[in-house]
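Peer 1: Chain by chain, the residues run as shown.
2 protein chains.
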Amino acid sequence: MSFDIENIKNEFAAHVQDLQNQISEELKRIDTKINLNEDIWERKDFAGNPGGGGITRAFEGEIFENAGVNTSLVFGEVDPKFAANIGGDNNQMWATGISLIIHPTNPRVPTTHANFRMIQAGSKVWFGGGADLTPFYPHEDDFEYFHKVWKDACEPYGHWDEWKEKCDNYFVNKHRADEMRGIGGFFYDHFFSGDPQKDLAMFKEISSNFIKSYFPIVEKRMDEEFDDEDVDFQLHRRGRYVEFNLLHDRGTHFGLKSNGRTDSILISLPKRVKFTYRYEPKKPEHKKMMEYYFPKDWA
Amino acid sequence: MSFDIENIKNEFAAHVQDLQNQISEELKRIDTKINLNEDIWERKDFAGNPGGGGITRAFEGEIFENAGVNTSLVFGEVDPKFAANIGGDNNQMWATGISLIIHPTNPRVPTTHANFRMIQAGSKVWFGGGADLTPFYPHEDDFEYFHKVWKDACEPYGHWDEWKEKCDNYFVNKHRADEMRGIGGFFYDHFFSGDPQKDLAMFKEISSNFIKSYFPIVEKRMDEEFDDEDVDFQLHRRGRYVEFNLLHDRGTHFGLKSNGRTDSILISLPKRVKFTYRYEPKKPEHKKMMEYYFPKDWA
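The listed protein sequences correspond, in order, to chains A and B. Counted the way the working numbering counts, the first sequence spans residues -14 to 284. Counted the way the working numbering counts, the second sequence spans residues -14 to 284.
Worth flagging that the hints you see were computed from the coordinates, not collected in a lab. Treat the hints with care, since some could be wrong.
No copy is singled out in the list; a pair is fine if it fits within one copy or between any two copies.
[Said to hold, decoys possible] Cut-off 27 Å, straight-line C-alpha distance, at most; resulting in silico cross-link-like pairs (DSS-like, lysine-lysine):
1) Lys256 to Lys268
2) Lys159 to Lys29
3) Lys267 to Lys133
4) Lys18 to Lys189
5) Lys136 to Lys189
6) Lys267 to Lys18
7) Lys189 to Lys256
8) Lys256 to Lys267
9) Lys29 to Lys109
10) Lys66 to Lys273
In isolation and in its complexed conformation, chain A is listed as follows (with noise of 0.2 Å):
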């Protein structure tokens, strides 16, 4: 099969930047009072030579507590174990990617999370990211629209089940006697089919959904009122995405090790976070949400 593999890296990258304005003018829209800090870096490839870098949108507002919208484009050498540790077949490596997380104010608006991501190290390409969802209050009807949404998205590929499959057994404490960080949505790491324009076409129409899956859902419920109660019971669930984060993720992991910004890779975490010994939720509401942290259809 013949391909310009040149022309698909430049496009998912255009698409990943796309993504990235969409997004955060999403966030200003709904949150007209929200302040952006953005960052723009360069990092230096294992030789010391260029090796690209990334743009880091912090936000903080009202509606939105904290929220970053990440892309990145790094190249050049790599460490050799690095290299061999991902698969790759020699030491260049090429990657470009979105990240993004949105932790809301109001404890009836559910936190999100989203990565879409492609690599090439050596001679090899493939795709990696997925989409999931964190709420702290048992609004059912939000969490069958999310994951329909990406059920819609990546079923006519064949995929949803396993995809879904693969988010509700990665985004798991383990420590935790298997309770999820959310309620799920979907995930999948180093697809290739063989055919890279194929793959390209497919994921930039599954990445171009997340708008809908999830912006819908903050305008439904962001005049929700909230009591002290929501708030200490999104506290403490916001210690467990922590735990999740920093014991789990392996993209966290393969940031900080790599020597990734760690500025960049931390954004993830939550402004206000609680930890107790031995936390229980007091509401029957939140009772009921403990459930939902366990892998089930939801679409």
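Got chain A sorted already, so can you dock chain B onto it with the hints?
Peer 2: Frame of chain A, contents of chain B only:
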């Protein structure tokens, strides 16, 4: 050399219990409204036989926002991989120790952590432990005092310089440009002189200094006034504490991977925490404090 190892183990276990009780009494004496949640738990060993257990004491009060003062005494068969990993020469293990963490409410009062343990793996015996201070306000005399108490305790045995350096090298957030989580103290591991009777006496003596090293600082500072900026700095530094404990702390990873009791292990996390993208302190006192999170001879 002839010695009665069972007797030594029993004596260290009894010492650990004494320390737990004495430190618990100090917390109650200083914080008369403190609430104690005590859990006595048991575990099975790798073969499913009774494997000992522990006493977890979780405190929440006014002076002490949250604190954990835990002991455990575990024994029996371990996973062969685990035994090899920790350097045992068969699959039998015995371990006892105290692990404690105290997070005061007032940012003018430092956080502290200490642990003291004795381990027997196969035919090998060793001791480990240490104590370190995590302040949020540049009360230099407190740092000198804390270090001086431990220096006076360790130096007669000829170990201060080495154990202070080990502490400086251990409690470090490598992903945060080698910033320490606090201002250090002392730390040792795999210590065995060849004479367990002598080592027992030394570690009983050294660890008995904990109360003297910390509580006078609490009583000196607990009534100092503080403002919102002090709290903000404290909560962000607690964020760095969480990063260290979940990303780097070998004790935490060891505990979670060896199927330890999650709630007892993660009792180390502070109640309220904050994370902010590229957080920078504003007050001169906090900027000064940032300079102190690197190795320094305080004593």
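Peer 1: Could you figure out if Lys18 and Lys189 sit no more than 27 Å apart (CA to CA) within one copy, between two copies, both or neither?
Peer 2: neither (31 Å within a copy, 58 Å between copies)
Peer 1: From the Cα coordinates, with 27 Å as the cut-off, is the pair Lys29 and Lys109 best called within, between, both, or neither?
Peer 2: within (22 Å within a copy, 47 Å between copies)
Peer 1: Could you figure out if Lys256 and Lys268 sit no more than 27 Å apart (CA to CA) within one copy, between two copies, both or neither?
Peer 2: Cα proximity of Lys256 and Lys268: in one copy and across copies (24 Å, 20 Å).
Peer 1: One pair to classify: Lys267 and Lys133, alpha carbons no more than 27 Å apart. Within, between, both, or neither?
Peer 2: Neither: 30 Å inside a copy, 46 Å across copies.
Peer 1: Is it within, between, both, or neither for Lys66 and Lys273, if the alpha carbons may be no more than 27 Å apart?
Peer 2: Answer is neither; intra-copy 46 Å and inter-copy 39 Å both fail.
Peer 1: Tell me, please, which holds for Lys267 and Lys18 at an alpha-carbon limit of 27 Å: within, between, both or neither?
Peer 2: Answer is between; shortest inter-copy Cα gap is 23 Å, intra-copy 33 Å.
Peer 1: Between the shortest in-copy and the shortest cross-copy C-alpha distance, which are at most 27 Å for Lys136 and Lys189: within, between, both, or neither?
Peer 2: Answer is within; shortest intra-copy Cα gap is 15 Å, inter-copy 62 Å.
Peer 1: At 27 Å max between alpha carbons, let me know whether Lys256 reaches Lys267 within a copy, between copies, both or neither.
Peer 2: both (23 Å within a copy, 18 Å between copies)
Peer 1: For Lys159 and Lys29, with the copy left unspecified, which applies at a CA distance of at most 27 Å: within, between, both, or neither?
Peer 2: between (36 Å within a copy, 19 Å between copies)
Peer 1: When Cα atoms must be at most 27 Å apart, do Lys189 and Lys256 count as within-copy, between-copy, both, or neither?
Peer 2: neither (31 Å within a copy, 42 Å between copies)
The structure fails hints 3, 4, 7 and 10 (numbered hints given earlier, in ascending order).
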